[in-house]
Every structure is written in structure tokens, then in C-alpha cells.
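What follows is the residue order along each chain.
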Amino acid sequence: MTHSHTHAAGRRTGTSSRHGGRSAAPVPPQIPARRGPGGRRLLGALLLVGLLASVLPWWLGTPAGSLRTTAATVTAAGRITGLVAGYLLLVQVLMMSRLPVLERWIGGEQTARWHRDIGATLLVTVLAHMSLILVGYADLRNQSILAEVGTLLGDYEDMLSAFVATGIMMLVGFSSIRAIRRALPYELWHLLHLSSYLILLLGYGHQFAHGAQLYRPGPVRTGWIALYLLVVAALLWGRVIAPLAFNLRYKLRVADVVAESTDTISIYLTGERLGRLAMLGGQHFRWRFLTRGCWWQSHPFSVSAAANGRWLRVTVKVVGTHTADLRDLEPGTRVWAEGPSGTFTAAHRLRERALLIAGGSGITPIRAMLEELPPGAALIYRARTPADVLLSRELDWLAQERDTSVWYVIGSRDDPGPRQLMSPDGLRQLVPDVARRDVYLCGPPGLVEQSVRALRRAGVPRRQIHLATFEL
Amino acid sequence: MRRALLAITGLAASTTALVVFKGSPGTSQVAQNLPTAQPVNPAGPGTDPSAAPDAPGTDPAGGAATPSVSTKPSTSPKPGKTTARPSATKTTKAPSAPRTTTKAPQSTTRRVTGNGFENEYGYVQVQIVVSGNRIVEAVALSLPSGGESDIHSGDVRNRYDGGGGEVVQKQNASLNTVSGATETSNSYKQSLRSAIEQAF
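First to last, the protein sequences are chains Z and D.
Note that the numbering used here has the first sequence beginning at 1, numbered continuously upward.
Note that the numbering used here has the second sequence beginning at 1001, numbered continuously upward.
These aren't lab readings, by the way, just hints derived from the structure by calculation.
It is possible that some hints are incorrect.
Stated by the list, open to error - Simulated DEER-style distance windows between Cβ atoms: (1) D:Lys1170 <-> Z:Met170: 56 to 62 Å; (2) Z:Leu60 <-> D:Lys1170: 34 to 40 Å; (3) D:Ser1174 <-> Z:His190: 58 to 64 Å; (4) D:Glu1197 <-> Z:Leu236: 55 to 61 Å.
These numbers come from a predicted model, not from an experiment.
We put the CB at the ideal spot given by N, CA and C, even for glycine.
Between the sequences and the hints, there should be enough to build the whole structure, so can you do that?
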């Protein structure tokens, strides 16, 4: 069933790959050691303990039976939600600090998912905090809620900025609702999201000026300030210092741009000391190509070949203005890269064998990972037309070299062939031991959703299904 | 998203649980608190403190016998609170403390502490800093704390305390009562009055 007919249309150079599909590494890449979920669990436990610790001051400072009136009860609930919100905000920023330790322990995909869930929780908690405090205080002072808003804004230090912070948070949360986000250009959404650092800044003051547990000097206040400093330090490290060190060390530049199909290009990059670059197949970097028109945008692309000590390669489908500009990159262009990140790697496997399912340009991380997976993997490559099949020579070579079975499944999603194959029965027929394999999925959302459903029904445990998603 | 919903529900539930747990006197400290709750309860809804304060408030010497029985058990299980009181004054004192201590030996700046007054919400004591014939600063060494008292005490502190507060502006103890904090305002004025009497 191996698909032999590959289009070479629109190619700038004649070959599909400068290396005839073979690995460029002097020695074949080693199979990376397994990274267990230990780090992730430890971190999860730590964060949970932190959550409890953040409410502890309230618990210790409030005598039992002291909440006799409704106002006091509502205010107390407002304080608890306030403490929780303050803590969640810090966790939320920490998740996005790109701290190398976090990238290693939980991985970019997982942190992005946590970030989304914590974000929604945070927004609700902040709104609850605000409304509970407003209702509670208004009741205490015997005035309407609107009048209470006026009192808080007028008489209380730092409350104006806290309200502004809440406004920004609502805006950010609103723009992250999936349907709305899709309608926004990525750059606008990103800019909006960057403004969330303001929340950290604007929300800071009112916690210490009015927080019943925080305004007194003491261990609680000191600890809370220390948390803030830690998060800011993590942010500086992950976002500024680590990338700076990486780029000063490896000095990446564009070496060549090669057309892989009519709408897909490969960008080859070279640099210094690449032999020491610790990178796993399937990981991605955030790339910033330093040319006019491109430098201000940073996009995540997976590397499409395992580390070989000589060059890096990204394979990109041309879908927007930015990716279109990438076609015209000149050799020698400097590149700013942040990474590597991601847990979509052979190191995160749970089983000895793997099934890989790629859709369209989703083959790129999987192609890189194939070099590092233990032999005996299986690959299903979905593409709409034969022209959409990418890197087929390399895949054919890997199939031989790494004892990998490769199935090209060509056709629209509704064609009978693909439909039968991508069903639970079809998958089981093709890969009888699918339930005992890790499954790596990368492709368009429709394909991923459909495949996950089929895989779950075919008996694959959820934790064995690895998704390559880097939305943030 | 499913996990976010779970987290939100979990947080809402645990917040409610915490508040309910703290709100009911029937927790671990039942034995100590049950007698406490009874004398305090009539004062709880007494947000109009016109009737209740007469007994413990204006007559601190005589009335102290009964309310102190009720307030002491509630303060003793939390020693953190009692130690927090002096430290709370440090917040407001911190910027001025070095100034006054260096001045004290040289000039006529004095620090005078008024008598403490116990009302049904807590203990109130005021200290003033007098330079020559003027009050230059007022500091509440202690104000009721915990629960809603924090808000009222904060309001009182904001209005009266400091180098630019109402005490310094008026130079006497006939201050405007802080709305919602009548009782604490009155105790503040009493303590202030006693401090002024000692100072001049």
C-alpha cells in the first residue's frame, strides 16, 4: 500500500530533500531514555499544597463562630476567593513563564492546557471575589452596590487599578473563548494576551493595601511578596535570560529554503555548537525570523528532523501572510529561537511500541520522532491528495531503516476507504495491538478529534494518546 | 474546559464549606464558644449600637466584669491575634517611629498613650504624639479586628489616624463619628480624650 507517486511541483530545487531522505547524523540518533510523569505529578502536588497554604492565613485568622451576620459571611467568602484568585494568578503566570524546568516536567502542550483551565477558573474566581466583597461591604455600610463601588474607587487606595485589572482580565478571557479567538487575527489576540502582565502589576497594590490577611507585616505578607518575586524571577529567566543564552550560544541562521510541495516549504538552519543542542524529535521552537516584516512575529513550528549536530529543519505549510513571507527568506538571515519545548517526543512514551497518526503537514514532528522511536512503530499518514504527501522519500527510508510500517491513506475524510480505516475496527485490523501502544497524533483538529474517539473505542487508554498541540 | 468547570465547582463548594464551617460555632471549639455566643449574639445584629453599648462601653470599669468573661475566651484560642495587635500598630508607626524617637530627647515632642477602652467589638487604645502645644500625630495602638470589624477599624484608622487625620486637624476629641463604626469611634474618642488630658 506504500504510496510511490509523489508530486514535485513548485519545487525550487530539484530534490525533495538535500540528503536523499537519509539521516544527516553521523551516528543514528539514540533512543532517548523515558521520562516518567513523576515531575509533573510532583509539580501538581506542589501547586495544590500552595493553594491550601494560600487560604490558610484566613482560616487561622478567623475565629470560629465569628461569621454571625450575612455580611460577614459574604465578606469572608470574598476574602477566600480573593486569596485563591491571587494565588491562581501567580500560578497562571508561572505556567506561561516558559521556565525550562516546567517545559521539561510538564511540557508546552500540557502547560498550555493547564493555562487554559486555570485561566477560566481564575476569571470566575476574580469575578466572584469582586462581587462577594462588593455585596458584603455594601451590606455592612448599608448602601447600594453602586454606591459601594463609588466608595471603593474613591476612598480606597489602589482599588481603581484593581478594577482596571479585572477589566483587562475579562477582556483577555473573553477573547480566548475559542470561537471568538478564531475570528481574531493571531497578532491582535497575542497582543491582547500580553497585556495580561498588566493584571499582575495593577492587581498587586490592592492586595497589600486592603487584604485582611496581607496588610499587616508578618510572615504571611512576606511570603506573599516572596511568591510574587519568585514568579517574576521565573518569568525573567524563562522569557529573557534562557532564550538570550540559547541564541547567543547557537547563533542560528537560515541556510536554505526548499519547496517540499506546492504549498509547503522546508527551512534549513545552521549555527554554532549544534552538536551540543539537546533537542528531541517532535519538539518545537518558537521562531522569529529577523527580516523586515517578519521579526515582530514569533510562531511555533516543530522541527522536522531529529538532532544531527549539523543543521535544523522546520517544514511549514504556507497558510497565511507570515508563512508566505517565509518563502522568500534569504540564506544568512538571523533567526531567534525559543525552545526546545514539548512532550510530543519518544522520551514521553509509556509503551515499547508506537502508532503514529499524521494528517497533512502534521507529519513534520512525527517524521523527526520516527528517528528516535524504538523499532517496530507504525505510521498512518492521512493526506487529501497524493500531492499533499510530504517528505515521502525520508519516510520510505525510515520505514526500512527503523523497521516501521507506513500506510499512506489518501482521500477525503468522507471517502469510504479512509472512513473504514479510521474507525475502531479499521485501526484494530491494521494494528492489532493498538491498545498496547503509545499513539502520537498530529494533524488538523477534525482528524485529531475523530481519531481520538476511534482510538478510545478501540481500547487505547487516554494517557497513551499523545497530542501535538501548541496553541499558545 | 471540563477540568476548568470541575475546578470552579470545587472551589465554590470548598469556599462555601469553609465559610459554613467557620460560621457555625458548633466546630472544634464548641465547648468554649457556646457560652460566648450567647451574650454576644444580641450585640451581633446590633448594628444600631444605641441600646447595647451603654452597659459595656461607657462604663468600662463596672461593665468590664461581664463582657470580659465573654470576650476573653474568644480571644484566648487565637494568641496570634493578640500578638498581631502591637505589630499592627507598627504598620502605621513604622515611618514615623525613627523620626520621633530621635527627636524625643532633643525637643518637646512627647508620645502619650490614652487609656484603653473595651467595647463589645474589641479593645481600643490611642496614642498621640505632641509637639509643643500641638498634636502632630495620632495612632490607634489597638482597634477591634477580625471579621467585619476589620473594615470598620480600617475606616476609623483612615479617618482619624496619622499626621493629617481628623485628630491633628481638629486638635481635640470632638471628632465626627465614622458611619457604621459608631461604637469604635466612641471608644477612640474616649481614649483620645484621656490621652489629651494627660498631655496638656
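So, going through the hints one by one against the coordinates:
1. At roughly 43 Å, the beta-carbon separation of Lys1170 of chain D and Met170 of chain Z lies outside the given 56 to 62 Å, and the hint is violated.
2. Evaluation of the 34 to 40 Å hint for Leu60 of chain Z and Lys1170 of chain D yields a pass: the beta carbon distance comes to about 38 Å.
3. Remark: the range hint 58 to 64 Å for Ser1174 of chain D to His190 of chain Z is upheld by a beta-carbon distance near 60 Å.
4. The hinted range of 55 to 61 Å is satisfied by Glu1197 of chain D and Leu236 of chain Z, whose Cβ atoms lie roughly 57 Å apart.
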